[in-house]
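**Student:** Given next are the chains, with one letter for each unit.
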Amino acid sequence: SQKIEQNSEALNIQEGKTATLTCNYTNYSPAYLQWYRQDPGRGPVFLLLIRENEKEKRKERLKVTFDTTLKQSLFHITASQPADSATYLCALARGNDMRFGAGTRLTVKP
Amino acid sequence: NAGVTQTPKFRVLKTGQSMTLLCAQDMNHEYMYWYRQDPGMGLRLIHYSVGEGTTAKGEVPDGYNVSRLKKQNFLLGLESAAPSQTSVYFCASMDAKETQYFGPGTRLLVL
Chain A
1220 SQKIEQNSEA
1230 LNIQEGKTAT
1240 LTCNYTNYSP
1250 AYLQWYRQDP
1260 GRGPVFLLLI
1270 RENEKEKRKE
1280 RLKVTFDTTL
1290 KQSLFHITAS
1300 QPADSATYLC
1310 ALARGNDMRF
1320 GAGTRLTVKP
Chain B
72 NAGVTQTPKF
82 RVLKTGQSMT
92 LLCAQDMNHE
102 YMYWYRQDPG
112 MGLRLIHYSV
122 GEGTTAKGEV
132 PDGYNVSRLK
142 KQNFLLGLES
152 AAPSQTSVYF
162 CASMDAKETQ
172 YFGPGTRLLV
182 L
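Protein sequences, first through last, are from chains A and B.
Under the numbering used here, read the first sequence as residues 1220 to 1329, first letter to last.
Under the numbering used here, read the second sequence as residues 72 to 182, first letter to last.
Hints should not be assumed to be uniformly reliable.
To be verified - Below, computed lysine-lysine pairings styled on DSSO-like, alpha-carbon distance capped at 27 Å:
#: 1; chain 1: B; residue 1: Lys168; chain 2: A; residue 2: Lys1282
#: 2; chain 1: A; residue 1: Lys1278; chain 2: B; residue 2: Lys141
#: 3; chain 1: A; residue 1: Lys1276; chain 2: B; residue 2: Lys168
As the list claims (entries may be wrong) - Selected chain B positions facing chain A (in silico; Cβ < 10 Å):
#: 4; residue: Gln77
#: 5; residue: Leu114
#: 6; residue: Leu116
#: 7; residue: Tyr119
#: 8; residue: Glu130
#: 9; residue: Thr157
#: 10; residue: Gln171
#: 11; residue: Phe173
#: 12; residue: Leu182
Claimed, not checked - Anything over 10 Å on all C-beta distances counts as not near chain A; from chain B, calculated:
#: 13; residue: Thr91
#: 14; residue: Gly113
#: 15; residue: Thr170
None of these hints come from the bench; they were simulated from the model.
Idealized CB from N, CA, C, for every residue including glycine.
Let the sequences and hints guide you as you build the complete structure.
**Tutor:** Have a look at this one:
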């Protein structure tokens, strides 16, 4: 069965450092992969999408890579700020099938 | 532009009771989704719709029914609630660029 794993449940880093979150998957061939941010008590908010034929995407301080051979996506937040503290979800999709990881809770300490 | 709204925000049900969760979007999106989110698990797709009048099963459809009579609304029904359906339910709509817009969620407790 399909499995999506996000590297750890929680990640703590110091302000100004780069946060790197991992999304690994098995038994799945996504057409695209997305990253979402979720704050407590709120719905997820879309951040970035990367397609299976793309290696890297950037948006401001965010960068996502996608390696379909390793079946892995890395999500980077550079120059992290306390306001970046949230849970980050990866989502894989092919057609109408959508699968989400459980999320990584990121805490950026001042 | 309200985006995606969900009603109610919170509900307590007794086992066996029924209820309907309402999702509305004002972005004219064709695709709409219902998910449930449980601690330690990712969002799991319950049902989805690719347009008015059409619905399809997702990963965990048992115990739920849906209807999409109007493009802007997507209803999720629980005919006979069970404690295992205690969860946070999120509705989402998707645009042509495959970006999903989520509602604020409905917290459901089944006793």
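**Student:** Against each hint, give a clear statement of whether it holds in the structure.
**Tutor:** Each hint tested on the structure:
1. Pair hint B/Lys168 plus A/Lys1282 holds up; C-alpha atoms about 19 Å apart against a cutoff of 27 Å.
2. Between A/Lys1278 and B/Lys141 the CA atoms are separated by roughly 35 Å; this puts the pair beyond 27 Å, and the hint is violated.
3. Between A/Lys1276 and B/Lys168 the CA atoms are separated by roughly 15 Å; this keeps the pair inside 27 Å, and the hint holds.
4. Checking B/Gln77 against chain A by beta carbon gives a least distance of about 8 Å; that is within 10 Å, so the hint holds.
5. The closest approach between the C-beta of B/Leu114 and any C-beta of chain A is roughly 4 Å, which is under the 10 Å cut-off, so the hint is satisfied.
6. For B/Leu116, the shortest C-beta to C-beta distance to chain A is roughly 5 Å, which falls under 10 Å, so the interface hint holds.
7. A least Cβ separation of about 6 Å between B/Tyr119 and chain A falls short of the 10 Å threshold, and the interface hint therefore holds.
8. With a least beta-carbon distance of about 8 Å to chain A, the hint placing B/Glu130 at the interface is held under the 10 Å criterion.
9. Annotation: interface hint on B/Thr157 violated; nearest CB of chain A at approximately 16 Å, more than 10 Å.
10. Taken as an interface hint, B/Gln171 checks out: its beta carbon lies about 6 Å from the nearest beta carbon of chain A, inside 10 Å.
11. A cut of 10 Å between beta carbons decides the hint on B/Phe173: the least distance to chain A is about 3 Å, and the hint holds.
12. Restraint check, B/Leu182 versus chain A: the minimum CB separation of about 22 Å is more than 10 Å; hint violated.
13. At the 10 Å boundary, the C-beta of B/Thr91 stays outside the reach of chain A, the nearest C-beta of that chain being 19 Å off.
14. A Cβ of chain A approaches the Cβ of B/Gly113 within 10 Å, the least distance being about 4 Å, so the stated non-interface status is violated.
15. Not every beta carbon of chain A lies more than 10 Å from that of B/Thr170, the smallest distance being close to 5 Å; the non-interface claim is violated.
Hint violations for this structure: numbers 2, 9, 12, 14, 15, all remaining hints satisfied.
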